[in-house]
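Here's the letter readout for the chains.
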Amino acid sequence: MKVAWLPTALREGLRCQFFARQTILNPRLRRRGLNASAKQFSTSIRLRAGIAAPEIKFKNQGKGEGEEEKIFFARLIPESPSYFTAQPAFTDDLLALQDLVRKYSTLPVVKPGEAPRVAWRSLVEYRNMVGESVKASKYHKIVEVLRRLNQIQPSLMPSDVAAALNEYKRDISPFQNVSKIAPLDEFGRAAGHGRRKTSSATAWVVEGTGEVLVNGKTLAEAFGRIHDRESAIWALKATDRIDKYNVWARVGGGGTTGQAEAMTLAVGKALLSHEPALKPALRRAGCMTRDPRRVERKKPGHRKARKMPAWVKR
Amino acid sequence: MRKRIVLSNTNALEVQGLRELDAGLGETNGEEVIGQVVGLMGSTVDSLRAVEAFKTAQGWGLFRRPGLLVREESVALSRKLIMSEEGEMLRLVIDGERGTGKSLILLHAMATAFVRGWVVLNIPEAQEVTNAMNDYAPLPGTTPTLFSQPTYTANWLSQINKANTTLLQDMELSLTHNLPIPLQSNISLSRLCELGARDPDVAWPVFQAFWAELMAKGRPPVLLALDGLNNVMRESMYRAPDTSFVHAHDLAIVNHFVGYLSGERKLGNGGAVIAATNRSHAPKSKSLDLVLTQLEERQLGEEEITEKDPFEKGYDGRVEWALGVKDVLKLKGLSKKEARGLMEYWAKSGVLRKRVDEEEVAEKWALAGNGVVGEIERGALRMRI
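In the order they appear, the protein sequences are chains L and Z.
At position 228 of the first sequence the residue is numbered 228 (the UniProt record's numbering), and the sequence of numbers has no breaks.
At position 151 of the second sequence the residue is numbered 151 (the UniProt record's numbering), and the sequence of numbers has no breaks.
Calculated from the structure, these hints are not laboratory results.
Among the hints, a few may not be true.
To be verified - Below 20 Å or equal to it, Euclidean Cα-Cα: the simulated EDC-like pairs (lysine to aspartate or glutamate) are:
no.: 1; chain 1: Z; residue 1: Lys-284; chain 2: L; residue 2: Glu-221
no.: 2; chain 1: L; residue 1: Lys-169; chain 2: L; residue 2: Glu-144
no.: 3; chain 1: Z; residue 1: Lys-330; chain 2: L; residue 2: Glu-211
no.: 4; chain 1: Z; residue 1: Lys-336; chain 2: L; residue 2: Glu-125
no.: 5; chain 1: Z; residue 1: Lys-3; chain 2: Z; residue 2: Glu-125
no.: 6; chain 1: Z; residue 1: Lys-336; chain 2: Z; residue 2: Glu-125
no.: 7; chain 1: L; residue 1: Lys-244; chain 2: Z; residue 2: Glu-31
no.: 8; chain 1: Z; residue 1: Lys-336; chain 2: Z; residue 2: Glu-32
no.: 9; chain 1: Z; residue 1: Lys-336; chain 2: L; residue 2: Asp-240
no.: 10; chain 1: L; residue 1: Lys-180; chain 2: L; residue 2: Glu-167
no.: 11; chain 1: L; residue 1: Lys-141; chain 2: L; residue 2: Glu-125
no.: 12; chain 1: Z; residue 1: Lys-330; chain 2: Z; residue 2: Glu-312
no.: 13; chain 1: L; residue 1: Lys-169; chain 2: L; residue 2: Glu-211
no.: 14; chain 1: Z; residue 1: Lys-336; chain 2: L; residue 2: Asp-243
no.: 15; chain 1: L; residue 1: Lys-244; chain 2: Z; residue 2: Glu-360
no.: 16; chain 1: L; residue 1: Lys-169; chain 2: L; residue 2: Asp-185
no.: 17; chain 1: Z; residue 1: Lys-332; chain 2: L; residue 2: Glu-221
no.: 18; chain 1: L; residue 1: Lys-138; chain 2: L; residue 2: Glu-125
no.: 19; chain 1: Z; residue 1: Lys-336; chain 2: L; residue 2: Asp-99
no.: 20; chain 1: L; residue 1: Lys-169; chain 2: L; residue 2: Asp-99
no.: 21; chain 1: Z; residue 1: Lys-330; chain 2: Z; residue 2: Glu-359
no.: 22; chain 1: Z; residue 1: Lys-354; chain 2: L; residue 2: Glu-230
no.: 23; chain 1: Z; residue 1: Lys-337; chain 2: L; residue 2: Glu-125
no.: 24; chain 1: L; residue 1: Lys-217; chain 2: Z; residue 2: Glu-125
no.: 25; chain 1: Z; residue 1: Lys-55; chain 2: Z; residue 2: Glu-125
no.: 26; chain 1: L; residue 1: Lys-217; chain 2: Z; residue 2: Glu-363
Since the structure is predicted, the reported quantities are computational estimates derived from the model, not experimental observations.
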């Protein structure tokens, strides 16, 4: 393709367009390439592709092949009428989605709360995708349309809508990551494991009257501090279930605080097997999340993790 | 100041309708009182104070007047005490984890004995007998040599006199004694104790004479109590002339107590010998632990009884002999009902400012290691934030 005689400003655009064809056809590839180097280009490939007039065929190039001659435009004609809006890619996307809504407006929808939960792409991701500085409020419009499309009865979901929705779904949906809850065994026991610092604990929880045994000892014998005892059965205390369950636990490693707080997690996890609906309450009470902190390593040149030797004159 | 006992707090509310600990408790009524707090009568309180049954760390100063929680175990013990008035003497060791109320069960036994007209002899802290803080002297004519503790014995006699004075004043000498001091034949036992308390040098012979009088026919039953059994089940801190340690059982007072605890000697007019172990900062005794474990297992009817460790050198034959055959009362935590009764009493006294409902009781009960009473108190009264 000869582009040399074209105005300088357009040369680059045409060249890009030539190479960009492939990537437009493959949106995943396009997205990946863009994610890596979105900041480097002042305009995106897609934007340049939007300039895309039909391919120019020059006389001498098509000679001997018997091809019909095409009309030569001195000026490039934009592919999309949105070219003259500030964010043409965004406008195209929005219009396409709105078309879909209009097209399938007669399909039955589920109730607002019952639509499958979907995590849509974040604003940053979308910006990278289209290569335009889309405002949050603008992107929100797209998301609202997406939500409307998502409410279409799943069994009647048209394939083009599904494809369009997939385009805007996050690559990894956090809502699909549902943790499995261990079932109770034949004796009605639920086991849970927990760790904290270097301690680890396993707790078996059964329905009972509030008796607790830790390594065969009562709570008072196992933990001298009342604070530690409260930590150990915090999951039961925070949910007002101290007198509903018995706990039998084995703890090891670390010190008393670590062991008690490892038990917090272990009892919390085991309690979930009995009452899965308690999960939000337990999360709020801090019985679900492992505390990742541990002793900081010692560094060379330091006395301890951070402490430096005292300065000496010589 | 270190040993000051405060038994009343005028800021605490008076609990209305508090039952008194009377002679009938455990005889006819028992079950309906379990889980309630009973008040101690004034005379009983004086006597208990005289025998140093109240300890400093027990929190008496929080309430208007001293009260005792009636537990299932204490009613059972009361029954046994009442039975021992006629039948065989009761020999009992009270054991249990730290804070389970061993000393208070002992106090309950003493209070019951006082209201039932027994003579009570109490060694409030066995540690004070064996830790070599008192003067001591070998007793002539004893093999193996026993050591008397004149000052401690004199002090003990005065305590016994003060605690049981109403009883002892009415008892006159009935036997003839060969004592180093001149003695009128018609003096009361109270006076005899006074004579012994006045002069440490004659305290031990006077105590022996006093004891012989108590064992004579027609005298009331006797309660011999000791707190801190671990301290007397080992070598004492006293030195023999050859600089070896004197075994605690070679101290005259301990020897006297252990003679009855082992069942070697019998109380003439019925009564009981009760010892409570100590589980906080107490010396270890392999034999004591072994014997108590074995006794408990026998009581529970377990098939396998713990054997002696053949490679362990630390066993003490004298301790095993002293703990020959008798009951062991293994204390555990309170039941929920008892815990609730206690917490309601605290709430009525204005010490516990919370609503006492099932949840609150269950929480405190669980946090206290399945109802260990000392821990419930610590969690509910002392750790208020």
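Each hint, compared with the structure:
no., hint, in the structure
1, Z/Lys-284 / L/Glu-221, "holds, 17 Å"
2, L/Lys-169 / L/Glu-144, "holds, 13 Å"
3, Z/Lys-330 / L/Glu-211, "holds, 19 Å"
4, Z/Lys-336 / L/Glu-125, "violated, 59 Å"
5, Z/Lys-3 / Z/Glu-125, "holds, 12 Å"
6, Z/Lys-336 / Z/Glu-125, "violated, 31 Å"
7, L/Lys-244 / Z/Glu-31, "violated, 27 Å"
8, Z/Lys-336 / Z/Glu-32, "holds, 15 Å"
9, Z/Lys-336 / L/Asp-240, "holds, 17 Å"
10, L/Lys-180 / L/Glu-167, "violated, 29 Å"
11, L/Lys-141 / L/Glu-125, "holds, 16 Å"
12, Z/Lys-330 / Z/Glu-312, "violated, 25 Å"
13, L/Lys-169 / L/Glu-211, "violated, 49 Å"
14, Z/Lys-336 / L/Asp-243, "holds, 10 Å"
15, L/Lys-244 / Z/Glu-360, "holds, 13 Å"
16, L/Lys-169 / L/Asp-185, "violated, 39 Å"
17, Z/Lys-332 / L/Glu-221, "holds, 12 Å"
18, L/Lys-138 / L/Glu-125, "holds, 14 Å"
19, Z/Lys-336 / L/Asp-99, "violated, 69 Å"
20, L/Lys-169 / L/Asp-99, "holds, 19 Å"
21, Z/Lys-330 / Z/Glu-359, "violated, 28 Å"
22, Z/Lys-354 / L/Glu-230, "holds, 18 Å"
23, Z/Lys-337 / L/Glu-125, "violated, 63 Å"
24, L/Lys-217 / Z/Glu-125, "violated, 28 Å"
25, Z/Lys-55 / Z/Glu-125, "holds, 10 Å"
26, L/Lys-217 / Z/Glu-363, "holds, 18 Å"
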